[in-house]
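Work out the full structure: start from the sequences and follow the hints.
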Amino acid sequence: MSPYRSISVIATLFLFWVVMSGYFTPFLLTMGLVSAGAVLWFAHRMDVMDHEGHPIHLGKNAFTYWPWLLKEIVKSAWDVSRIIVSPALPISPTMVRVKTTQKTPVGQVTYANSITLTPGTISVAISGDEILVHALTREGAQGVADGDMDRRVTAFEGLS
Amino acid sequence: MIYVAVVLALLVTLALALVRAFQGPTVFDRALAGNAVGTATMMLLAIFQFISGRPEFVDLALVYGFLNVIGTIALQKFFRYGDLGEPGGTEGERR
Amino acid sequence: MIVLDILTWLLVSAGGVFCVIGAVGMLRMPDFFTRMHAASVIDTLGAGLIIVGLILQSGFTLASLKLIILGLLIFFTSPTASHALANAALARGAEPLLADDEGEPSSSPR
Numbered sequence: 000m001s002p003y004r005s006i007s008v009i010a011t012l013f014l015f016w017v018v019m020s021g022y023f024t025p026f027l028l029t030m031g032l033v034s035a036g037a038v039l040w041f042a043h044r045m046d047v048m049d050h051e052g053h054p055i056h057l058g059k060n061a062f063t064y065w066p067w068l069l070k071e072i073v074k075s076a077w078d079v080s081r082i083i084v085s086p087a088l089p090i091s092p093t094m095v096r097v098k099t100t101q102k103t104p105v106g107q108v109t110y111a112n113s114i115t116l117t118p119g120t121i122s123v124a125i126s127g128d129e130i131l132v133h134a135l136t137r138e139g140a141q142g143v144a145d146g147d148m149d150r151r152v153t154a155f156e157g158l159s
Numbered sequence: 000m001i002y003v004a005v006v007l008a009l010l011v012t013l014a015l016a017l018v019r020a021f022q023g024p025t026v027f028d029r030a031l032a033g034n035a036v037g038t039a040t041m042m043l044l045a046i047f048q049f050i051s052g053r054p055e056f057v058d059l060a061l062v063y064g065f066l067n068v069i070g071t072i073a074l075q076k077f078f079r080y081g082d083l084g085e086p087g088g089t090e091g092e093r094r
Numbered sequence: 000m001i002v003l004d005i006l007t008w009l010l011v012s013a014g015g016v017f018c019v020i021g022a023v024g025m026l027r028m029p030d031f032f033t034r035m036h037a038a039s040v041i042d043t044l045g046a047g048l049i050i051v052g053l054i055l056q057s058g059f060t061l062a063s064l065k066l067i068i069l070g071l072l073i074f075f076t077s078p079t080a081s082h083a084l085a086n087a088a089l090a091r092g093a094e095p096l097l098a099d100d101e102g103e104p105s106s107s108p109r
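From first to last, the protein sequence lines stand for chains A, B and C. The opening residue of the first sequence carries number 0 in numbering that gives the first Met the number 0; numbering runs sequentially from there. The opening residue of the second sequence carries number 0 in numbering that gives the first Met the number 0; numbering runs sequentially from there. The opening residue of the third sequence carries number 0 in numbering that gives the first Met the number 0; numbering runs sequentially from there.
Please keep in mind that the hints were generated in silico from the structure rather than gathered at the bench. Mixed in with the good hints there might be a few duds.
Stated by the list, open to error - Reference listing, derived: stretches of chain B covered by chain C, where coverage requires no fewer than 3 residues with Cβ under 8 Å from a Cβ of chain C:
hint : segment
1    : 15-26
2    : 34-43
3    : 52-62
4    : 68-80
In this text, a Cβ means the ideal position worked out from N, Cα and C, and glycines have one as well.
Written out as structure tokens, the structure reads:
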């Protein structure tokens, strides 16, 4: 277990405490540090401080992946809004199974959550290395099946 | 006031989501409407700190957000398994 | 600060409009799974635009940090909740309404 992960956890928790409290008296700051340390101890005892519980190794890749994801979300949210306000309601709901190429559960969850976060596509079930996706339109299903997001998430995972 | 339009829009959103919650027809539609009500309420609370000039309201919005997601997941788990005590199991078992 | 006010008004009102669009979609869509797509417009673009507008209004303060945490909370939890709901609905035997092979939009209920 790398010390970097512990340092990162305690820094994140302490920052959260400071933002939530908004008081900068020595007593409350000390209490915050003690609480963060206690949570760190609990996390060690619960054995959740691994690459899944606190994936710091994804940190630098997030700065390239999240902006792209944000752009996709805005684009598809706009498409779904246009579908909703058009009087004919031009939907063609489709279910597709897509293969995932991620190697770790963290990568798979990132991919499934990215699919769900993009309006117009929802990941309904995961089994093995397949995700069952419900798409609002046939074009949306085709967009997921093309696998652009899959490749980007695999690059984001960064293990290969 | 620059927030009149958005507050009205959010109130309309709440009303429409409530209509969906009453109409159903399945329990999952109602849970979905409840989720949307939660999101709209979070936004209303976050805006209300600027209207009232009291910054505590964003804390209320955060607490509401945490409760909202826990409530939604607890609800879906209850209607899926029938109670809250069973271990969830992996997603693959069920299809 | 009048420019900032106008920018905030634009972003926040656009967010409100997307919230209403999502809610209208929740009423118009024919079945549960398609309604989820409409609801995710509220969670992403509606909430996101409102939060960005409010962050512009509050500037470099603790309040805007809290708003960022609120945004991250929605960003991470809303897909989880959506997936849980969709998965539970499918496991309980909700039949998703699918378009037929000819590409006709089947917007009529089953």
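Consistency of the hints with the structure:
1. 15-26: holds (count 5)
2. 34-43: With 6 residues in contact (Cβ-Cβ under 8 Å with chain C), the coverage given for the segment 34-43 of chain B holds.
3. 52-62: holds (count 5)
4. 68-80: That given contact holds, which follows from 7 residues of the segment 68-80 of chain B lying within Cβ reach (below 8 Å) of chain C.
Checked against the numbered hints listed earlier, the structure breaks none of them; every hint is satisfied.
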